Amino acid sequence: MDEHERWALEVEDLTVAYADQPVLWDIDLNVPPGVKMAIIGPNGAGKSTLVKAAMGLVNPVAGEVRIFGRGRESAEGQIAYVPQRATLSWDFPTDVIDVVTMGTYGKVGWIRRCGAAEKRQAEAALEQVAMAEFARRPIAELSGGQQQRVLLARALVQDAPIYMLDEPFQGVDAPTERAIIAVLDELAETGKTIIVVHHDLQTIPEYFDYVLLLNVRAIDSGPVSEVFTEENLRLTFGGRVGVLAAAGAGKL
Amino acid sequence: MDLFGDYTLRLVALGSAVLGATSGALGSFAYLRRQSLLGDAVSHAALPGIVLAFMLTGSKLPLVLMVGAGLAGWIGTLAVQLVVRRSRVPYDSALGIVLAVFFGIGLVLLTHIQKLPNAAQAGLESFLFGQAASLLRRDVVTMMVLGACAVLILVLVWKEFKLLSFDPDFASSLGLPVRRLDGLLTALLVVAIIIGLQTVGVVLMSAMIVAPAAAARQWSRRLAPMVMIAVAIGVFSGITGSILSSSIPRLPTGPTIVLVLSSIVAVSLFLAPRRGLLWRLLNISALRAAPDLDPVLMHLYALSHQHPDDPEHGHPVAVLRTMSPPDVNVESALEGLADRGLAQQTSDGGWAPTPIGRREALRIHEREAGEEA
Numbered sequence: 001m002d003e004h005e006r007w008a009l010e011v012e013d014l015t016v017a018y019a020d021q022p023v024l025w026d027i028d029l030n031v032p033p034g035v036k037m038a039i040i041g042p043n044g045a046g047k048s049t050l051v052k053a054a055m056g057l058v059n060p061v062a063g064e065v066r067i068f069g070r071g072r073e074s075a076e077g078q079i080a081y082v083p084q085r086a087t088l089s090w091d092f093p094t095d096v097i098d099v100v101t102m103g104t105y106g107k108v109g110w111i112r113r114c115g116a117a118e119k120r121q122a123e124a125a126l127e128q129v130a131m132a133e134f135a136r137r138p139i140a141e142l143s144g145g146q147q148q149r150v151l152l153a154r155a156l157v158q159d160a161p162i163y164m165l166d167e168p169f170q171g172v173d174a175p176t177e178r179a180i181i182a183v184l185d186e187l188a189e190t191g192k193t194i195i196v197v198h199h200d201l202q203t204i205p206e207y208f209d210y211v212l213l214l215n216v217r218a219i220d221s222g223p224v225s226e227v228f229t230e231e232n233l234r235l236t237f238g239g240r241v242g243v244l245a246a247a248g249a250g251k252l
Numbered sequence: 253m254d255l256f257g258d259y260t261l262r263l264v265a266l267g268s269a270v271l272g273a274t275s276g277a278l279g280s281f282a283y284l285r286r287q288s289l290l291g292d293a294v295s296h297a298a299l300p301g302i303v304l305a306f307m308l309t310g311s312k313l314p315l316v317l318m319v320g321a322g323l324a325g326w327i328g329t330l331a332v333q334l335v336v337r338r339s340r341v342p343y344d345s346a347l348g349i350v351l352a353v354f355f356g357i358g359l360v361l362l363t364h365i366q367k368l369p370n371a372a373q374a375g376l377e378s379f380l381f382g383q384a385a386s387l388l389r390r391d392v393v394t395m396m397v398l399g400a401c402a403v404l405i406l407v408l409v410w411k412e413f414k415l416l417s418f419d420p421d422f423a424s425s426l427g428l429p430v431r432r433l434d435g436l437l438t439a440l441l442v443v444a445i446i447i448g449l450q451t452v453g454v455v456l457m458s459a460m461i462v463a464p465a466a467a468a469r470q471w472s473r474r475l476a477p478m479v480m481i482a483v484a485i486g487v488f489s490g491i492t493g494s495i496l497s498s499s500i501p502r503l504p505t506g507p508t509i510v511l512v513l514s515s516i517v518a519v520s521l522f523l524a525p526r527r528g529l530l531w532r533l534l535n536i537s538a539l540r541a542a543p544d545l546d547p548v549l550m551h552l553y554a555l556s557h558q559h560p561d562d563p564e565h566g567h568p569v570a571v572l573r574t575m576s577p578p579d580v581n582v583e584s585a586l587e588g589l590a591d592r593g594l595a596q597q598t599s600d601g602g603w604a605p606t607p608i609g610r611r612e613a614l615r616i617h618e619r620e621a622g623e624e625a
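Top to bottom, those sequences are chains G and A.
Using the numbering used here, you'd call the opening residue of the first sequence number 1 and step up by one each time.
Using the numbering used here, you'd call the opening residue of the second sequence number 253 and step up by one each time.
The hints are simulated quantities; they were obtained by calculation from the structure and are not laboratory data.
All values derive from a computational prediction rather than experimental measurement.
In this text, a Cβ means the ideal position worked out from N, Cα and C, and glycines have one as well.
Incorrect hints may have been included.
Said to hold, decoys possible - Here are the simulated SDA-like pairs of lysine to any residue, each with C-alpha atoms no more than 25 Å apart in a straight line:
#: 1; chain 1: G; residue 1: K107; chain 2: A; residue 2: G427
#: 2; chain 1: G; residue 1: K119; chain 2: A; residue 2: E412
#: 3; chain 1: G; residue 1: K107; chain 2: A; residue 2: L433
#: 4; chain 1: G; residue 1: K107; chain 2: A; residue 2: R432
#: 5; chain 1: A; residue 1: K312; chain 2: A; residue 2: S345
#: 6; chain 1: G; residue 1: K192; chain 2: G; residue 2: Q146
#: 7; chain 1: G; residue 1: K107; chain 2: A; residue 2: L406
#: 8; chain 1: G; residue 1: K119; chain 2: A; residue 2: W410
#: 9; chain 1: G; residue 1: K107; chain 2: A; residue 2: R431
#: 10; chain 1: G; residue 1: K107; chain 2: A; residue 2: V407
#: 11; chain 1: G; residue 1: K119; chain 2: A; residue 2: V409
#: 12; chain 1: G; residue 1: K119; chain 2: A; residue 2: A476
#: 13; chain 1: G; residue 1: K107; chain 2: A; residue 2: G528
#: 14; chain 1: A; residue 1: K312; chain 2: A; residue 2: P369
#: 15; chain 1: G; residue 1: K107; chain 2: A; residue 2: L428
#: 16; chain 1: G; residue 1: K119; chain 2: A; residue 2: G427
#: 17; chain 1: A; residue 1: K312; chain 2: A; residue 2: C401
#: 18; chain 1: G; residue 1: K119; chain 2: A; residue 2: C401
#: 19; chain 1: G; residue 1: K107; chain 2: A; residue 2: A476
#: 20; chain 1: G; residue 1: K107; chain 2: A; residue 2: L404
#: 21; chain 1: G; residue 1: K107; chain 2: A; residue 2: W410
As the list claims (entries may be wrong) - With the Cβ distance kept under 8 Å, some of the chain G side facing chain A (calculated, not the full set):
#: 22; residue: P32
#: 23; residue: L57
#: 24; residue: E76
#: 25; residue: I79
#: 26; residue: L88
#: 27; residue: P93
#: 28; residue: T94
#: 29; residue: D95
#: 30; residue: D173
#: 31; residue: A174
#: 32; residue: P175
#: 33; residue: R178
#: 34; residue: L235
Pulled out of the complex, with its shape left as it was, chain G reads as follows:
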């Protein structure tokens, strides 16, 4: 086995800047396959940017991203991506099943239309997120939680080895949060690697087994039981974290 294939995602010396302002500074990160990893950090820490850099959606100033030991360019189809819900225009004229079917476009290829097979895949994915009865609903009529489940279903039809979710719990209702966690747990059991930008420190030990603490620099990363400490949280969030740290990290 190639040395590098030990990691699902490998980030080396990654620096990203917007308009000369560094957003990510010299990030090193190794994510072992099969973990459920949370990326946490204050606003403006570069969490979404790190996900986008791993997806190849932003061009780094320096550094490298490797997926299962191979360069980003040859990694098409390796990562299923769930973007931040709020960045999409939900007024787009389409329905739920159509959005989920979009997950198959990479495999269907040019000019060909999606057929019965793709529709079945999309329906199965909707079933998995308990949205089957909403298949024909226009997306403009969904609640926040339903929108999030649709985006997760779209990622599920990609059946990729790595899943990256950007703030999937932002503004969703409690059943959706539970449904998403259940799906992520299932994926992790089948050996998929899950990477989630997460906000709620209190649920980290319950939902995840691996964590990256990020604040422009990578403060620390590793198993939750080892690196999710008050000391690291203070380094990541500054003084403001007192109460939250007591609530979350204190439980360990």
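Starting from the structure of chain G, add chain A where the hints point.
Relative to chain G, chain A alone:
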């Protein structure tokens, strides 16, 4: 009066219909990508291209002028991108700058050649507001060929264009060449615009891009019907505008088409089901009747503090009712909370917040405390 016996009118109506169809189809995508103003910049930017094409070739063949218009429009879009990437000027301002600079150059060139001693340049100024009556058979044929090519490509690359318009980041994550797709779709928009320049003119052409799409969006819930309705509205306005302007003296065709379109947009904005203003007015009262869940959840949360060792302890509905203003329907609010997994009914018929409900209440509490601070 025999409307369709008139050869000129038939030609103008056919040309306007082709123009309405292509701008309806391509305009739908521009509208959904929030690029309607790009159409305005492209059409204004086309003017110097038309004049330069004439100055360089001495020809007024539609294909020659359209190639000039298309190239200039395309350079206009590149200029917008260049300004956005290389400076801190935002997108809308970049559009305004490019529109003004190109249109200004176009007007200077136009004025310049009109002072030249030969008469060959006559008629170029009609590209400002369009002159449908000047359409010849060869012009309409050119428009039809270009329009058919643009629509054919649109149909072939349909699903990629749809995904590009809805979620470009996701398209990119699937490995689609998002940059090239974006360039292709913009090129098709440029084609749709140059098809209409002779009929509608550079100043009003953006209305042909925005209006059919804006009206069609009101009546449709999915993309394919929206594009088809936009095409139908474009064709209808083109033909109706042509007939109106030929039956009423001194009514110019291009502006008439745009006025017909605008009326359709106005009616659509007001009357369309679900999205129309009228529908929304009628539905606001229904919205008001839905109970606000947050206060009831906060009451439940406050009550649960009375039993710190047993947070699942049930509290009777009657207690919650005394805590709420008389016009609040506490039962339906509790049902709503239960649907969302925030509260549950206990075995003794009372109500208690779930662990997630307590966390949500804490979140609301902190948010409100933060707002007051």
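Each hint, compared with the structure:
no.	hint	in the structure
1	K107/G to G427/A	holds (10 Å)
2	K119/G to E412/A	holds (17 Å)
3	K107/G to L433/A	holds (17 Å)
4	K107/G to R432/A	holds (19 Å)
5	K312/A to S345/A	violated (33 Å)
6	K192/G to Q146/G	holds (23 Å)
7	K107/G to L406/A	holds (20 Å)
8	K119/G to W410/A	holds (17 Å)
9	K107/G to R431/A	holds (19 Å)
10	K107/G to V407/A	holds (19 Å)
11	K119/G to V409/A	holds (19 Å)
12	K119/G to A476/A	holds (17 Å)
13	K107/G to G528/A	violated (39 Å)
14	K312/A to P369/A	holds (17 Å)
15	K107/G to L428/A	holds (11 Å)
16	K119/G to G427/A	holds (21 Å)
17	K312/A to C401/A	holds (23 Å)
18	K119/G to C401/A	violated (30 Å)
19	K107/G to A476/A	holds (22 Å)
20	K107/G to L404/A	holds (23 Å)
21	K107/G to W410/A	holds (16 Å)
22	P32	violated (22 Å)
23	L57	holds (5 Å)
24	E76	holds (4 Å)
25	I79	holds (7 Å)
26	L88	holds (6 Å)
27	P93	holds (5 Å)
28	T94	holds (6 Å)
29	D95	holds (6 Å)
30	D173	holds (5 Å)
31	A174	holds (4 Å)
32	P175	holds (4 Å)
33	R178	holds (7 Å)
34	L235	violated (23 Å)
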